[in-house]
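Student: Spelled out, the chains give:
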Amino acid sequence: MDDLTRLVAEAEAEVATAASTAQLARVEAAYLGGKGALQAQLKTIGSLPKEERPGFGARLNAAKATVLASIEARHGDLAAVEAQERLAAESIDITLPGAPPLLGRIHPLTRTIQQVKSVLIGLGFRIVDGPELEDYAYNFAALNYPEDHPAFDEQMTFYVDDTRLLRTQTTALQGRTLRGARLPLRCATVGRCFRYEAVDATHHHTFHQVDVFMVDEGVAMADLKGALKQFAGAMFGGDVQVRFRPDYFPFVEPGVDYSIYWQGRWLELGGAGLIHPNILESHGIDSERYSGFAFGLGIERIHMIQNGVTDLRWYLANDLRFLRQF
Amino acid sequence: MRLSLEWLEQHAPTGMTADEAATTLTMAGLEVEETEESDLGPVLNIKVTPNRGDCLSVVGLAREMAAAARKPFVDVAAAGTPDGGDAGSLVRVTIEAPDLCPRYAARVVRNVTIGESPEWMQRRLSAAGMRPINSVVDITNYVMLELGQPLHAFDLPLLRGSAIRVRRSKPGEAITTLDGAERPLAEGLLIIADDERPVAVAGVMGGADTEIGPKTTTILLESAHFDRKAVRRSSKALGLQTEASYRFERIVDPAGVVRSLNRACDLIAELGAGVPVEGVVDAYPGAAPVGTVTLRLARVSQILGFDLSADEVQKSLQALGFEVTECEGEALAVQTPSWRPDVVREIDLIEEIGRVVGYGRMPEKLPSGATTQGGDSDLGRQMTLAREVLVGAGLTEVVGHSLVAATPLDDDGGERVAIRTALSSELSGLRRSLLPGLADVLARAVRRGQPQVALFEVARVFHEAPGGHTETLSVGALLHGAPANDAWRSADRPAPPDFYTVAGLAQALCAAFKTGPPAMRCTSDGRFHPGRSAEIVVGDAVIGVAGELNPAVAADLDLRERAVALELSLAGLVAAGRRTMGFVEPSAFPGVTRDLAPRIAADTPYQAVRQAALDAAPATLEGMALTDVYSGPNLPAGTRSLTLSFTFRALDRTLTDDEVEAAMAAIRAALERECGATFVA
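The listed protein sequences derive, respectively, from chains A and B. Heads up: the first sequence runs through residues 1 to 326, numbered per the working numbering. Heads up: the second sequence runs through residues 1001 to 1681, numbered per the working numbering.
The hints are simulated quantities; they were obtained by calculation from the structure and are not laboratory data. Treat the hints with care, since some could be wrong.
With a straight-line Cα cutoff of 30 Å, these simulated DSBU-like cross-link-like pairs (lysine-lysine) come out [stated by the list, open to error]:
| no. | chain 1 | residue 1 | chain 2 | residue 2 |
| --- | --- | --- | --- | --- |
| 1 | A | K229 | B | K1047 |
| 2 | B | K1236 | A | K229 |
| 3 | B | K1071 | B | K1047 |
| 4 | B | K1047 | B | K1315 |
| 5 | B | K1071 | B | K1236 |
| 6 | B | K1047 | B | K1215 |
One chain only, chain B, in its complex shape (with noise of 0.2 Å):
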């Protein structure tokens, strides 16, 4: 809300400048977001919190400030009119939707002159960010400046039947309002209608039909109390927010319904803009509720953490227009004021003293219970494994979004999770894969022309399911281009990635996890090079995909090189992971290495090789390792020759020459019986 500083001065007199003024706002829950000048002085915009609707008004505010500054709050004084008078025979008011209007006052303005507002009130309006309009229209808009009661005015000759039925639109029915668009109605929207059609929206903005204009001789001037839901109902429907819907959403107090009424009259009569008919036609089908709550002492300061007095509280509850009503010993009985049905609890007072009192005094103290034991979620941990793992692969994590466009990398075969209408292609829906996402940054590198990337990422992905969707962590890894790393020697120069980089990742992972080591699976995922991609496998689960990207998925990213990427899921990593603890003793006894270079055929995978020497071979195998993969001229078409070192150890004692040799024979037959190996000689 935009006030400016002259008119809180005039109720709430402080003697402040603007920046004392802001800074007292701001430490009161009010901040002030900037000060601007004006022809009337300094103007303050104050950003009013969704709870304090009362202080959507000058005297709201000014009562805000009076209580902080500890100076004394000046009310808007408004004379009352004498009950009777002509106006209950001009009008018809009903109020059909109780539910939904608990207030609906009139009162009618006769021998009205159209005319501009004084200059004083259209200045205080323009400070406040709101076109001057006519006299009226002017005065019931500083009326809800200045009381938070938004009221509206209707040319009384133009409602039919001299009626004001406050009800529910029916099927079918359409308003144009005051900014001239013609507005359907959804069913059921409170509206206030004459005898036959909507004449406005409650709460929210008029109709054309019943605007009030030069021709205007006599006015009917609403002030009513609509139910918040319902104007947030209507406003949200029409996609419409004004003045008066952003107060009713809020709150206004329903006590000021008939004193903003005659405020307004009073102003009317004042400006010489018409004569107010005696009486108000006041449909109050239920009476406003009165909170009391109570209030004990000793909570005060157990909540706030300092100590303060009976008489510090009471002075702060009353600064805000609180009253105390009793006061039982260490319990206080408060009634709240109609303006703050905020205030419901016990707690919701210690605010207010919190916030009068200022925070500036409260200590710093430390929590001081029971001390409780801190440590990092399993997820947490099993994050932070897995990036250890690729941080020491030399690769580099990215955050990616979470919300992408539905694209080819992105479908893994799962079905995605889409945002109800999302504004853009690229927040449409939740990523199902890592690998789009780390795409982009790889394209925009290109783009920049550093194309040579190793990236990651450790973060969730989304799978819509029959039985509700799926939320899961995923290590996603891609690397394009040897790594640019400016090395002189050549031979500190890396390689560039291939699919055997990606598979060294995912066993580095595996190892990490402790699942033992993966096995790879052809697989049929389209974001692939058919022959140069690999499903992973751990135990009987499928727990990733690795490879080389598809060059068609690949095409937009205007890559020179091939660029490979992994994906595993987390959950499948750690699901196959190894939980017991345990280690395996060292031997203290020399280990012997043999070496074996069987000629094999091409097509024969090495996994089942190494499984057929891993079988054959006997419990002081401690471990295998291919050193050579060779294939040329030497060799037959369509054969390779691998050399596989074989390393034995016992852990009692050394092993003779007799038991290792016999232990290579063993292997170098099953080679040749289960994979058809030869050997030279």
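With the rest of the complex left out, here is chain A (with noise of 0.2 Å):
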């Protein structure tokens, strides 16, 4: 066996041994390195007569490449071997809790009210918004209130002065509307309205509603009642049902109450109807070429059905181990 077979002997034997890449390294340097064994090698070459000197060249940079060859191949198992170790050592307790990121969160009456409009939005709807110290007109006598009446006595108002009240109803937005409107026109608003309640749980004298309506050439009854179907179902989900009774609001006519039938039961959701004819025409509108529909409910109500709540009182109560849940 000449030197070079033994020195390339010694190299493998030595790689092959080498715990870690800082040994390898070391085995590398003692072999390939400037001053290492094979690199050692290089010097006899001189005393080699001229005619052998190409073939042990040609041995010594082969003998050179196979060291490198168990080098990089060894290298590649201890690095990923060591890469591990390293990770294992970082390892750390996964089950401690996550820092809490410090979340702000929207009242479940914005999240409702951001619903209801993205869902009328979808349908063509444009939200409008109106004052809720409101004029005695507009939230009364525009809306066909006969002078003087007992239906008054449903709405238990807040006053001002004579003519300045808190609206008992979004619905008094559809006169500021209607004036000069531009035809066909699809309209909502979502407000607070006011009425002189005793507070339980399910009346206050604080509360949200949304008013939707629509006009164009010959909206029907049957069109509002596809609507709300289609809005009760975007709102509560799956297939529901819409049914209509006969109800009175001195704004529509006919007047109906709608129910929708959702999950084995029939949920009483609002009062809707045809906008009465004397409206359209106190607007220049002729009531004859143009119809219009109009639905309205309380903004509490849909979060009360969607989530279960049986007390109205939460809403404006604020706990925050209430308003954390949602």
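Please dock the two separately framed chains into a single complex, following the hints provided.
Tutor: This is the structure:
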């Protein structure tokens, strides 16, 4: 066995037994480094006969390549193991609680209002806003309330003076919107209403309503029924049935209250009907050519149904233990 | 109205059970709120809407019931009384206010014996919620329930001059009503008087002076039609609502006046309570108008959205007592019955048809007109933006009351909008500020032992102003205590909020609305700590206030830590906001950052330092940040050291060291000159 063969064998043995990449690096230096054993063989080339020099050179290069290949292969193995060990050493208790981010949240009524708006906007309705401190005229007179009629008794009102009151219904905005409106029109308004009611689980002096109305040629009660089915389906999910029951609101004729059949029961949602032609005409709209529907419902009621909340008072109580759940 | 099923069945023989009857009435628009048991069997409690006074009677409800069930309606048969007779010579009826009383009829009953009414009548009255009193009173009440016409019995000999005068009350008049209360009468109320004094408040309640009793021998029975507004005015003026006033305020059939009177006399005779004198005194200045409405068949289908046959339309209307007098092709002339003055237009008839046919038959369609563009309102979008900023900052939204008491925290210096005749201080006016509502939530959280809160509200506030009130959207926030977030690493625990927390929220809101950075100016708002509060100025407009709550104002909140609050006008944010779109192109070249640490007198506001630096900096200054404020024993008393970090960058080239050094030198010189800054070499 000549020196080269022996050196390669020794080197491979040391590579095979190297236990770490650091040890392997020392092996590499010992054989392939500038002062390494194989590198040293280069110096012997001068003492060889001229005709053997090319052959020896080729063998030396082959020997170095062999050792280098072994080192690289071994390095791959060792590095993988060492990476594993390093990661293992860095492991932490992943069951400790996460750092709580500082999360804000919107009020459940806001969330419901956003959902209502989003459904209505998708159906082509434009959201409009009106004052909560409203003119008597828009809240009652413009909505076809007969003068000095018991219909007022159903809406005990907070008056500021003879002409200003807190709106008892978001329907008050219809007059403001219809005045000079370009037709066809689909509008909706969401907001706060006030009635002088004793506060209990289903009544509050302050509550929120959405009022939806459209005016176009040939709008019929059947269109209202279809629109309600679509709206209620989007709000509550699933296939809902809509039922009308005659009811009286001065601003619609025919007037109904509507219920939906949802999860095995009928739920009364609100009032609806075709906008009274007296109202359309008072805004200069030809009630022969145009008709319109309107429907309304309580925002609190929607959220109560969706979440099984049984007491309306939670919404304005702002108990953070309640708010955090939504 | 409460009504026993057996009484209803007498006039609308449907053979239905109580549940079936309740459903039928409810689906016809007469909601049965509950059904109770009585010794007469089931009693229905029916909610009658204010437009349907005619249904405050057995015949009215029976007519609806029969129409809905497609069964015949059996009316009450009332024998007429021959004209003439003595009645006219026994009483004198004068209507002095024909505008408020179009008709007044009276009959006289002699040989009256006041006893008990028969048991069947008492039971029906009790089932309807009325207390049996005596035979005559019970009969008048019974006829009112049956036909809807309120009646009243006077002790005739007690009527001075045997006279009935229907007139307006005069100044100073008063009456003791049947309930024993002495009531002064405001001038101009519709009353019944004899020749000397008021004897009844028309349509509301009779007087005690002429009340019938055990000694009564002769009575005058009144059946009249009173103006609904006149009765409502009296009822409200006296604070007295009765079965009679409730009906008159809605509607009583003007054509039923004499019929009801005769029906009562028939019952009196039949039950042996007295002997009616022949003849009716009927003061009838004006004939009840007859309404005729034209109905187009095509319009019925168009409005309801499905097709109905002419026959079906006619039958529906006839079942409710409407008469179709002419049928010319597509158009019907429909005569409205006297008890339905609420039906005046074609659309009213169409509703009646829909009710009788039943909305269950109506298909579900979708509006098929032109497409319309949906979208949120400007206000809606602005509120959403404000909410996003504050939710992003970790605050929880609350929804507070618009109606509040006048408290120091509500007093923002503006004038309050007060509610007229408020029933309680909590409902006495509209809020001027969102802070009292937020403080209220905090106070309750404190009482529950969870006093760490970070709250906000976006809602309307109200101010009275000379030319009318204002109603504007406001953004309010209130923070108290470090959020209790259960973090086990101290680094994850947020610091307790202070002035700079709310100032930061104000800056974030200004950034979101693109107003440019707000300036903080000292405020004299007494709700806040005088040394730790500021009014927030954008451009030259004050748009809000921020700071620590004044301990005196917060005293009743029982706080252990300082509370900080912010209130900004949303309109102010919007008005100051930049509306034009645009963007700044990010540079592809590297930036250079240099720090400067001037020592400056502690009472020099940072804002002055910042302004001096900005004014001196070249256009290549991309940003300036304050990274530290130090004051301590290493510094001369009354001074502090600020660490300012400047970043320079150009859009078109890499800046040279010389350029940056020149800029820093300029800033440094400006700080020395403008703010008396010194620098440690």
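Student: State for each hint whether it applies.
Tutor: Evaluated hints:
Of the supplied pair hints, the one linking K229/A and K1047/B holds, its CA atoms being roughly 27 Å apart against a limit of 30 Å. Proximity of K1236/B to K229/A is assessed by CA-CA distance (about 42 Å); at most 30 Å being required, the pair is judged violated. With a CA separation close to 22 Å, the supplied pair K1071/B and K1047/B stays within the 30 Å bound. Note on K1047/B and K1315/B: the hinted pairing holds, with a Cα-Cα distance of about 26 Å set against a maximum of 30 Å.
At most 30 Å may separate the alpha-carbon atoms for a hinted pair to count; K1071/B and K1236/B exceed this at roughly 40 Å. As the CA atoms of K1047/B and K1215/B are separated by approximately 39 Å, the hinted pair breaks the 30 Å bound.
Violated hints, in rising order: 2, 5 and 6; the structure is consistent with all others.
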